[in-house]
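A.B. asks: What follows is the residue order along each chain.
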Amino acid sequence: MNKIFLICINILIASISKAQFYMGVQSSYNIAVQGRTLGDFLLIDGSFSNTTNDNVFKDKRSSFGGGLKFGAIIGYQVNQYIGIELNSNFHKTNQVSTKATEGNNTTNMSMNGNIISLNPALVGYFFNGNPKIYSKLGIVYNSGKFIYNYNLKTASNQESYSYNLNKGSALGLSFSFGADWKLKQRISIRTELCYISANYYPKKAYLEKYEENGQNQMPSINPKDFEITYSKSGNSDGEYYGSALGEGTLLRPQIPMNGLGLNVGVIYLFRKK
Amino acid sequence: MKIQSNCLLIFLIALPNLIYAQFYLGASSSANIGVNGRSLQEFLLIDATVNQSAFENTLIEKKASFGGGFLISPLIGYQANKHIGFELQVGRYKTNTVSSTITYNNPSDDKVSISMSGKVFTIRPSIIGYIYKSKPLIYAKLGANYSNCEFTTQTSRQKNQTQTSILINGGQSLGISLGIGSEFSLTNRIYLRTELGYVHANYFPEKGTFTKYDVNGVNQLPNMSDKQKTIHYVKEGNVEQTYLGAALDAGTHLSPQIPISSFGLSIALIYKFNKRKTKS
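Protein chains in written order, with the numbering used here: chain C, 49 to 321; chain B, -5 to 274.
Only chain C is shown next, with the shape it has when bound in the complex:
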C-alpha cells in the first residue's frame, strides 16, 4: 500500500514539475455567426402592402456573438499536457438593425446587448516551446441584458419605444486555438481564435421608454400593462406562436449568441513549482 502511495506521489511530482499559475488581461474582436431570422422580434427587413397583400421580406440572420470583449484570465498549467483556465469578460454585442416600410410609413428596429460572461475551460498543449500552442474546450455562462428599440415614422406622427430584456442566461460551449509568445521570462503575449456557441433565454422584458412625437407617455401607462414574462410553459397570451414582443406571458424566445473571435492578451506567469 505504501509503495503504491509512493509511486503515485512520484508520478504526481514528476507531472507537476511544469505546473504554473498565470493571470492576464485580454480583449477580443468577434463576428456574429450562425444566426437566424428573428421574426419573433420583428427583426426583419420588409415592405408591406395591406391592399395587395404583397409582403416582401428579406432573410436577416441575426446573432449577437459579435462585438468587443474585455476581460481577465486566470489559469493553471498542471503539466506539459493539460491546464485549466477561467476567463471573465464584459461583452458589448453587435447591433442588429432592420427597416420595414408600408407606404409612407417607416419602422426602424434594432437590438443589442451588454453581457457578462464566465468561461471555465480545459487547456490541452500541443507544443510547449516558444510559442506555446494550445487548444481550449470550455463552458460559457452569459448573463446580462438586451435592449430592443422600435421607431415608427408616419407622415404626421412619430412613435418610439424601448424594451429591456433581462434576468435570463445563456449556457454554451467554447472552443479556442491559440499561441502564447514569450516576451520575457514571466510575460507572454497571447493570440487566440475562439468560437462560442450559446443561446440567451430572457425571463423578463420591461418597457423602458415610450414616446409619441417626443412626448413621454410612460406616466400614463400602468407598468403591468407593459411587462413581458417569458416562460418555459404556461398560459401564453401570444396572438400567434412565436411572438416575443406582446405584453403578458409568452414562451421564452431564443436569442443566438454564436461568435467567432480573435483574442489578444497579455499573460503574467508566476514562478513554477
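Partial list, derived from the structure: chain C residues whose beta carbon lies under 8 Å from chain B:
#, residue
1, 103
2, 174
3, 245
4, 300
Per the computed footprint, the stretches of chain C lying under chain B, defined by three or more beta-carbons under 8 Å from a beta-carbon of chain B, are:
#, region
5, 75 to 86
6, 221 to 230
By construction, these hints were calculated from the structure, which means they are not laboratory data. Every residue, glycine too, gets a C-beta built ideally from N, C-alpha and C.
Assemble chain B onto chain C, guided by the hints.
C.D. replies: Chain B alone, transformed into the frame defined by chain C:
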C-alpha cells in the same frame, strides 16, 4: 536557382516532420443526442392546449434539435507529423423524431399530432492537434460540417381524419465540428478510438412538397394544383404568409432554420499504414 534552393530548404524542414507522417483509415459509429434546439413553432412542433373562445393558450416549450441519431461512417486520415493531422469523415444518419400535440377545445374539440424527422448526409473534414503523443494518443479536432438533409413532417388531425405529409429538402447546412478523443493500440497497425464530438449546425431548406393529403381516408392530392402542393423557402422575396415564422403553408416563405446540432460518443477502429521513413 533561388526557387530551387527555397524548395530544398522547405523539403529539409519538412523531412524531419514526415518521420511521423502516416496514413490511416477506419470505420466509426457514434450515438448522438440533439442539443442546442429551440421551440420550432413555425413547424407547429409545440405542445399546446388552445381555448379559442376564452383566448387561453397553454403552451409548453419543446426544444427541438435533429442532431440525435446513430451515425456510421468511414474515415480517412493523415498524421502529418507529431503535432498535427488531417481527417475526412463521411456518413449518413436517420435523425431523432420530434413529436408534439396541439389540443383545441371550445368551441369545438380537436386534436392535431405533429411529428418531424429527417435523413442527413454529412461530410466532416477536420484538422487534428495531438496533445499527448504516447499511449494512449490524445488529440483534439476542429472541422467543418457540411450536411445535405431531407426532412418529413407528418400531421394528423382528429377532425375529419385529416392526414398530411410534407417532404422538406433542397438547401444545405454548413456548421462546425469539435472533438476530443484517444487512441489505444490493439495491434501494431490496428487502433481503437473513442471520441467525444460536438457539432453545431443548422439546416436551411429550399423546398417543401405535400406527399400526402388525406381527408376521411380519401386522397386529396389529385385535386390539388402544383402551386397548392409546393412550399418555396426563400432568402428574400414576396412572401405569402399570414405571420412571420410560418413554414408549413403552401406558397413562398422565408427560409426556416432547423437545428441539427449534436453531442455524441463515437467508437472507431483504425488501420494505420506504414510510416514513411527517411534514410538514415
